[in-house]
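Protein chains: 2
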Amino acid sequence: MKPVNRFLVGSCKLPLTGDPHVERVTFEDRNCSVARSVDVLGDWWNLLIVRELLWGATKFDEFQRNLEISKGILSKRLKLLQDYGIVVKHTVGSGTEYALTEKGRALHVIIIAMLQWGDKWNPLAEGAPLIPVNRKTGAPLAPVKLADLNGEPLELKDLGLIVGPGADETTRERLDRLRQAAQQKAAASR
Amino acid sequence: MKPVNRFLVGSCKLPLTGDPHVERVTFEDRNCSVARSVDVLGDWWNLLIVRELLWGATKFDEFQRNLEISKGILSKRLKLLQDYGIVVKHTVGSGTEYALTEKGRALHVIIIAMLQWGDKWNPLAEGAPLIPVNRKTGAPLAPVKLADLNGEPLELKDLGLIVGPGADETTRERLDRLRQAAQQKAAASR
Numbered sequence: 193m194k195p196v197n198r199f200l201v202g203s204c205k206l207p208l209t210g211d212p213h214v215e216r217v218t219f220e221d222r223n224c225s226v227a228r229s230v231d232v233l234g235d236w237w238n239l240l241i242v243r244e245l246l247w248g249a250t251k252f253d254e255f256q257r258n259l260e261i262s263k264g265i266l267s268k269r270l271k272l273l274q275d276y277g278i279v280v281k282h283t284v285g286s287g288t289e290y291a292l293t294e295k296g297r298a299l300h301v302i303i304i305a306m307l308q309w310g311d312k313w314n315p316l317a318e319g320a321p322l323i324p325v326n327r328k329t330g331a332p333l334a335p336v337k338l339a340d341l342n343g344e345p346l347e348l349k350d351l352g353l354i355v356g357p358g359a360d361e362t363t364r365e366r367l368d369r370l371r372q373a374a375q376q377k378a379a380a381s382r
Numbered sequence: 193m194k195p196v197n198r199f200l201v202g203s204c205k206l207p208l209t210g211d212p213h214v215e216r217v218t219f220e221d222r223n224c225s226v227a228r229s230v231d232v233l234g235d236w237w238n239l240l241i242v243r244e245l246l247w248g249a250t251k252f253d254e255f256q257r258n259l260e261i262s263k264g265i266l267s268k269r270l271k272l273l274q275d276y277g278i279v280v281k282h283t284v285g286s287g288t289e290y291a292l293t294e295k296g297r298a299l300h301v302i303i304i305a306m307l308q309w310g311d312k313w314n315p316l317a318e319g320a321p322l323i324p325v326n327r328k329t330g331a332p333l334a335p336v337k338l339a340d341l342n343g344e345p346l347e348l349k350d351l352g353l354i355v356g357p358g359a360d361e362t363t364r365e366r367l368d369r370l371r372q373a374a375q376q377k378a379a380a381s382r
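Chains as they are written, first to last, in the numbering used here: chain A, 193 to 382; chain B, 193 to 382.
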C-alpha cells in the first residue's frame, strides 16, 4: 500500500468515561499509538515528574518542592507511573528514592522535543533558561529532526502513512477516505 | 560553564491557580521550556487536535467525530489553539476549515516521538496501527534520535545541561546543587 497524500491517518475514539485512577478521560479505542501514549502518560503532571527524574531529582520531597504539587496528587501520579513501568521505587539507606526505568528514560526524546519547541515558538524574552549540550564536547543539541531508516532527513511534507498490522477497520476506512480526498483535490487543481 | 553530571537541571514552579480559559493549572514561573510548552499545549486534547490536523482533518465535525469530544470542549480548545498561534481558521466555500500554522506544524516532531514511544513501549498485540514512512521511497521512519550541532548522535547518558541567558536565580541554584551532589557521589564511589 502506498503512502497517502497526508501526513497521518487513523482513528482514535476517546470516550468520556471517567477513570478514578487517573481522574481524566481514558482512550478505550487504542488503534492509535499517539493516543495510547497519551493514555499511559496520563496527564502533563506525569511528564513533568519524568522531567524531574531526568533532571536528577530522586525524592518525593524534591518533586513536591520543585513542582509545587499536592502530596496527594504526587502520590497518585508516582503510583501510576510505577504501574506503567515508567518509574521504580527503591530504598536507599533510611529513605526512599525513585528512578526511571528504560521505558521511562526513553521519554527523554519527547521531553527534549518539547523543550526545543518551547524555546523556538514560545521563548522567554531573555532566552533559553537551560541549554542541552553534548556533555563530552559542550556542543549544543541540534533541533530534533526526523529521518527514515536509510538516514534520509524528512520534513513534514515528506511524510506519509501506511496501515500497519494493528490497523482496525476504522483506521483503514479513514486512510482510504483521506486518500480519495487527496486524489480529488489533486484532480481539481489540474 | 561546564555541563553537569545529570541530564537536565532547572526549576518549574507550578502554582495551583485555576485558569478559567483552559480549566487547568497554569505555570506562572516559566523558567523552564518544557513547562512553557506544557502551558501552551494546555492539555492532551490540544495535542490530539493537532494530530487530527496533521492527519488531514480540517473541519469541526471531523474533529468531533474522530475524537468523540464534546462540542463545547472542542470549541474552547480550538479557540485556545488559535490564540496561541498554532491553528488558523479560514472560510472555504460556504464552510469553515482549520489549518496548522508553522508553529503548529512544528509539533509534528513531538507527535511522531510519542507515536514511536507508544509503538515500542506500549504496543498493540497485533502491531502498529499506522507506520510513518518516507512518502517518496516508502522507507519507514527511523526512531527519533538526538544529535548535537556537529551531527554526533547522543544517548541520554551523553546529555548535559548548561544555564542559558534566560536562567533565573532558582534555576542557577538548582544547577549548582545538583552539580555538587553529583561530585559528592563521584567522590564517594572512588
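Don't take every hint at face value.
The list treats identical chains as interchangeable, and a pair is accepted whether it falls inside one copy or across any two copies.
To be verified - With a Cα cut of at most 20 Å, we get these calculated EDC-like pairs of lysine to aspartate or glutamate:
(1) K377 - E289
(2) K295 - E361
(3) K337 - E254
(4) K328 - D253
(5) K349 - E294
(6) K263 - D253
(7) K337 - E361
If you are wondering where the hints come from, they were derived from the structure by calculation, not from laboratory data.
Verification of the hints:
1. Proximity of K377 to E289 under the C-alpha cut-off of 20 Å is restricted to the inter-copy arrangement: shortest distance 15 Å between copies versus 56 Å within a copy.
2. Taking CA atoms no more than 20 Å apart as the test, K295 paired with E361 passes in neither setting, with 30 Å inside one copy and 33 Å between copies.
3. Neither within a single protomer nor between protomers do K337 and E254 lie at most 20 Å apart by alpha-carbon distance, with minima of 33 Å and 29 Å respectively.
4. Taking identical chains as interchangeable, the C-alpha atoms of K328 and D253 are never at most 20 Å apart, the minima being 31 Å within one chain and 51 Å between chains.
5. Proximity of K349 and E294 under a CA criterion of 20 Å is satisfied inter-copy only: 12 Å between copies versus 32 Å inside one chain copy.
6. In the homo-oligomer, the alpha carbons of K263 and D253 lie at most 20 Å apart inside one protomer (9 Å), although the nearest pairing across protomers, at 40 Å, exceeds that limit.
7. Proximity of K337 and E361 under a CA criterion of 20 Å is satisfied in neither setting, with 32 Å inside one chain copy and 32 Å between copies.
In this structure, the hints that do not hold are numbers 2, 3, 4 and 7, in rising order.
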